[in-house]
Each structure stands twice: as structure tokens, then as C-alpha cells.
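There are 2 protein chains.
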Amino acid sequence: MVSLSCVFPFCRANADMIPLPTMQWMEGNLRLLDQRKLPSEETYIDCRDIDSLAEAIRTLAVRGAPAIGIAAAFGAVIAALTTDPGEKFNEAFVAKIDILEGTRPTAVNLFHCLDIQRRIFRMNPGRDSAIEALLESARDMMRSDLEASRQMGRFGADLLEKGSVVLTHCNAGGLATAGLGTALAVIYEAWERGILEKVYADETRPLLQGARLTAWELSRAGIPVDVLPDSAAASLLQKGEVDAVIVGSDRIAANGDAANKIGTYPLALAAKEHGIPFYVVAPLSTFDLSTPCGSGIEIEQRGRNELNSPGERKLLPESAGVWNPAFDVTPATLITAIICEKGVLFSPDADSLRLLLGKDRQFKK
Amino acid sequence: MVSLSCVFPFCRANADMIPLPTMQWMEGNLRLLDQRKLPSEETYIDCRDIDSLAEAIRTLAVRGAPAIGIAAAFGAVIAALTTDPGEKFNEAFVAKIDILEGTRPTAVNLFHCLDIQRRIFRMNPGRDSAIEALLESARDMMRSDLEASRQMGRFGADLLEKGSVVLTHCNAGGLATAGLGTALAVIYEAWERGILEKVYADETRPLLQGARLTAWELSRAGIPVDVLPDSAAASLLQKGEVDAVIVGSDRIAANGDAANKIGTYPLALAAKEHGIPFYVVAPLSTFDLSTPCGSGIEIEQRGRNELNSPGERKLLPESAGVWNPAFDVTPATLITAIICEKGVLFSPDADSLRLLLGKDRQFKK
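For the record, the sequence lines run as chains A and B.
Heads up, the final residue of the first sequence is numbered 1107 in the numbering used here, and it's a clean run with no missing numbers.
Heads up, the final residue of the second sequence is numbered 1107 in the numbering used here, and it's a clean run with no missing numbers.
No lab work stands behind these hints: they were computed from the structure.
A quick note: this is a predicted structure, and the numbers were derived from the prediction, not measured.
It is possible that part of the hints are untrue.
No copy is singled out in the list; a pair is fine if it fits within one copy or between any two copies.
To be verified - Under the rule of at most 27 Å between Cα atoms (straight-line distance), these lysine-lysine pairs were calculated in the DSSO-like manner:
# : residue 1 : residue 2
1 : LYS1014   : LYS779
2 : LYS1056   : LYS940
3 : LYS940    : LYS904
4 : LYS1084   : LYS830
5 : LYS779    : LYS830
6 : LYS940    : LYS981
7 : LYS904    : LYS779
8 : LYS830    : LYS940
9 : LYS981    : LYS1014
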């Protein structure tokens, strides 16, 4: 496994700081790497209140399902810290959690982490006690996320052979989690084992997380990466240049259908056409048994400005409309396996997912 | 059929000018609408020598397979006009044609039109005679192109039902031809007949011809258009929002495999998955019987700068490579029908294409 200090050389921070650049908790302040400005600027924004954190999540300064969840968990600490004690303390706290919950609709980790924090809050009455427990809980989530990353990396790398060329979409890396990522955790581990030859990264319109974030992360780790237009991926698979497609997920429904960044579904179709394994890597916090299948997942629609940029010049004629969904849903039938921190679930379906999550026991691996 | 003066209100030019904005022949000068700057600027560039025309083709100031072919045909006139008469006239002319031929490798129309002009040149010895014959030939091609557009529009619109919603990719419109386009000729005709409800246009990374050119063309004609990221098209088809996918082509091999703008192939895969008809619209000059199948079509690789733009800020980390093919190949088996100026060729294959092109007779329609 590539060491953290290699992937993120600026992580050798003192022990009080969370050792990752994606986010750092600094006594009442959640400091976020501003991912909107990468790779040209490595700057941070400080969130000391709920409004600034909600804005950071909405505008993708912090993004990636696991990272959004953990940022929101720290948001719960901020919610308690910025609420005056007194009669209306509970009510005001809950109102702030509701604001965070309304920032983005698709990634289930946001709701999952906030649910845990709501429970922690109820179990620890009193402002000081709540703050302490919420902070410990958020830090726990961060530690678990890192450990889950490492596990997913190991399980995923076991599926790759020496000399593998891998295609990924969007950014499911350290920047999308508090750890080493999901899809990219597999890539880091495979690189460390010496079995990875190179990575192709879809640029991932409209916000170009593949070009700006994945290529940046992998380059920093010394892993060879080529960026391609999303629409060129099918050709690359057609040419036989890729051994596996590996992506993350924002929500996995009870039947194994997986929502992920827009463009994942056509990639899965092309992988199936060419007999290339299609792996979804996601921690258990991404699984949502309360949503029976993919059609029940709310897909966030984003604004016109994303298709008019980057650049100063407006690209679209004013009278043209836009259709800009942030995510799509890949049916479970197109997924070779889901890799989570507990192992590898081949040919996922409702039964195998229920077994995995309902009984919390070891499964196919 | 929508009238030219409606689609291009500035086309009611005097009879000596070619009545389309894509290109105008003005006594020794080929004036090209600079498509790199659309839609924010409607400016023209003047090509009076081969180098400026070659540069315009290479950098996509003029683009689209039929338009490139016709621009090159006028280029042959410029080649003769800018060559001194004398002993080395023929040799110098041919060298200039070779420059034009080397500008872009995939669209067969370029080679097709230049082959015709070479033949015209050989059949009309003497500089003045050659110039006159080459100009007449180029004007013929332009007239044929417009007539072919109209025919393809009619044949294609016959395949659509009332209330149709159509998805297209890149720009196969008036801007890509000297006429009304190929795929968009069908859309204009369907709109005129009152059977088209709306158009979805893939933005078409990296050069965004869908957002910048197709949306601009359709908006000018008053046709409702929504732009979407290329990677969102599969989701749109999955939602059942689209009745037909209609695209152009840069070269159709002898077995019906069709090269077109990168991103066409995954669109065809998604259309097949969802049982949506996938139509390729192309004039006969796009058919290339000398290339047996799609794998024989040379695919142009474009530069890194296209993935680093638009915008001033560089998007890619310096150590990341790029893979940026301009085209992909859709196997004939994914094509519901090819629509050309002679009719509609359902389930195209080597036999039906040979019948169509070899015997020059009416076929399935």
C-alpha cells in the first residue's frame, strides 16, 4: 500500500490535525481543500458555521460521497458549537442538520452520517456533552473511512493481474474520501504491488473531476495517467487497451444498482460489450437497503453554468436549454462485482446484498 | 423543408455569392465562417492561398466532412490561381493539392473531392482552362451538396413520427456542409413538417461542436434544443425520453461501419440497449468502398490543448498524458439505417452497400 506521506506529502502534520488534505478539523473550524480550484491552486477554505459548510458542499469545494458524509459529520459538531445553550438548543441544532441534509440529494453517505450524528446527539444531552460525543463520532468515521479505503484497496487489487491497465471515471480518490479513496484505493494498492501499468482517467464533464482531481492525485503519487474525453472511453475499450474499469459510487440500492457520476452507465454498457470487468468500489456506508432499486434514487440536476464553463466565454446560445444530471444509475446486471471493506460481492443482487448488510457477516471472498 | 432564408437569414445574398454562411467563393478568395469562434462571434476568415486554407481545415475553422470536401475543392481553384503558369505549373499545382490532402486523415470527402479535382485538372490542360473547370466543378459540388441535404432530409423525416424527440451528436448541420447538413437536414425537415417536438444535442467534447454549433444553428431556426454532457446521453435514452438518435458520418466503410465524431459509438451502444433507432445520415461522397471495414479507417489523434481548454486556466496536471481521438467507429450492426440522398438503407452491410454504390440504382426505400 502506498504510504499516506507519499500520496499526500503535506500530510505529515501534527497529531492534532487530521492527516489528510481533503479536510482537517482545527478546533471548531473544518478546513477544506478547495477542490473547485485544483489543480491550478491548492487553497483551503475554513468553515466555522453551517452556512459556509453547506455552500462548500453544494458548490463541490468538498465532494465525493464518503467525504461529503464525513464533512457533514463534522458539520454536526459545528452545529452544536454555533448554537447557544438553552431552551431551544435541540431545536436549533436539528434545524442546522436539516440545512446540511438539503445540500445534495444523491449520495447516501450524507444522510447516513447525519443519521448517526442525530442519534449521538439524542444520546448525549447537554451542549458540552453533545459536542464532545459528536466530535468523537466524526473522528471515528474518519478513522473508519481510512481503514475501509485500505481494505477495499487490498480486496480490489487481488482482482487485478500483473501489467493491468485500468480505466476510471470522475474522482473516487483520496479527495473523495477522508482516506485513500474507493476506486483509487485499489489503484494505489495495485501500483504499490507492482501490478499496475497505467491508468486512463475520463475527464468527466462537466466539472472535470477526472482531469482536474484524479490526474492530479495520481500524478502526485507517480502513477502514469492519461486523460481522455468521456466519450472516447468506449473506443478505448473497443481497442482492447483496458483490463478493468473501476469506479466509485454515491449510492447502492438494495438490488445492487449503483448511482455514480454521470457517465458511469455508458461505461458499464461498453465494458459489457467488450467483456471487460466492471468493478464498483464503495464502503458499506454507501449501501442503502431502504431504496429497493436504482429508479428510486433521486438524481440531482445541476445548473446551466456548468455547461457554459470552464472559461470566460459563454459556450451556449441563450435560447438553448440544458439537461445536466449529476449522476446516473448502472443496473446491477452490468456490475461484475462490488468491492467494499468486507470483501468482494460478485454479480450483486438483492439476496447477496441483504446477506451482506443484514447479517453483517463475511461473504464471498 | 425549412427555407434557407429562415435558417440563415443572412443568406439572401446576391446571386454571385454562394448562398450559405459556411463558405463563400469571392473571386479568388474562399471566405469561411470561423466556426472556432461561434457562437460568441460570427466572424469570417479569408483564404487566398493554400497555407491559410490548410490551416483553417486543420484548426477546424471549417469542419464537417462534406464542408471540408467542398472547401478543399475550392482550394484546388486557389491552388491553380496561385501558381504561375509555365513548365512547373502541373507539378506545383499537385504539390498544393497534396498539402490540402494532408490536413485531416479521417473524413473521406476530403480525398473524394480532391480526387475529382485532380481528374478535372488533368482533363483541362492550361492554367486558364483548368481554373475555369475547377471552379465549375467546385460549384457543382456545392449545388449537389445542397440538393443531397434536401433529399436526405426528406428520406430521414419519413422515418419519424409526430411528436418525435431526437438526440444528435456533434454538428452535422448546415455548418458541416454547404447545404442544410446531414443529420440536421432531417431535423429541419421534420420541424417544417410539424412532427418534431424537440432536439437534445450532446455538447461534444472536447471542441463542443454540439453546444457551440448545433445549439446555435437550431436556435437560429427556432427549434427547441437542450444541450447535455455527452456522458448523460445514455441516461436520457434509459429514461425513454428519446425516439431516435440521428448522427452524421465522416466515412462509411464498405461493410457499413461508420466513423463519426468521438462519442458516436457509445451512443449507438446505448441506443441498442434501449431499442431506440440509430440513424446515420451521410451523402454518397462519404461512402468509401476501398476501406473494407471500420478497423481500416485512420482515426485522427488531436492535441493535448483541446483537453486543457476552453478557458485560460490549464485543467490538466503537467505530468498527465492525454488520449484524444477525434473519431470513433460504430459497427454496422448497431446502425438501424443509413440515410443518403438516394434513400434509406436499413441494416446496412457489404452486400447492400455494393448494390447501392456499384450499380448506382435505387435501393430499399
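Here is how each hint holds up against the structure:
1. LYS1014 - LYS779: Answer is neither: 35 Å inside a copy and 39 Å across each miss the 27 Å cutoff.
2. LYS1056 - LYS940: Between copies, since 22 Å is at most 27 Å while 35 Å is not.
3. LYS940 - LYS904: Within one copy only: 11 Å inside a chain, 49 Å across chains, cut-off 27 Å.
4. LYS1084 - LYS830: Neither. Shortest intra-copy (42 Å) and inter-copy (77 Å) distances fail the 27 Å Cα cut-off.
5. LYS779 - LYS830: neither (39 Å within a copy, 58 Å between copies)
6. LYS940 - LYS981: within (16 Å within a copy, 35 Å between copies)
7. LYS904 - LYS779: Neither: 35 Å inside a copy, 47 Å across copies.
8. LYS830 - LYS940: For LYS830 and LYS940, the Cα distance exceeds 27 Å both inside one copy (56 Å) and across copies (52 Å).
9. LYS981 - LYS1014: Answer is both; intra-copy 14 Å and inter-copy 20 Å each pass.
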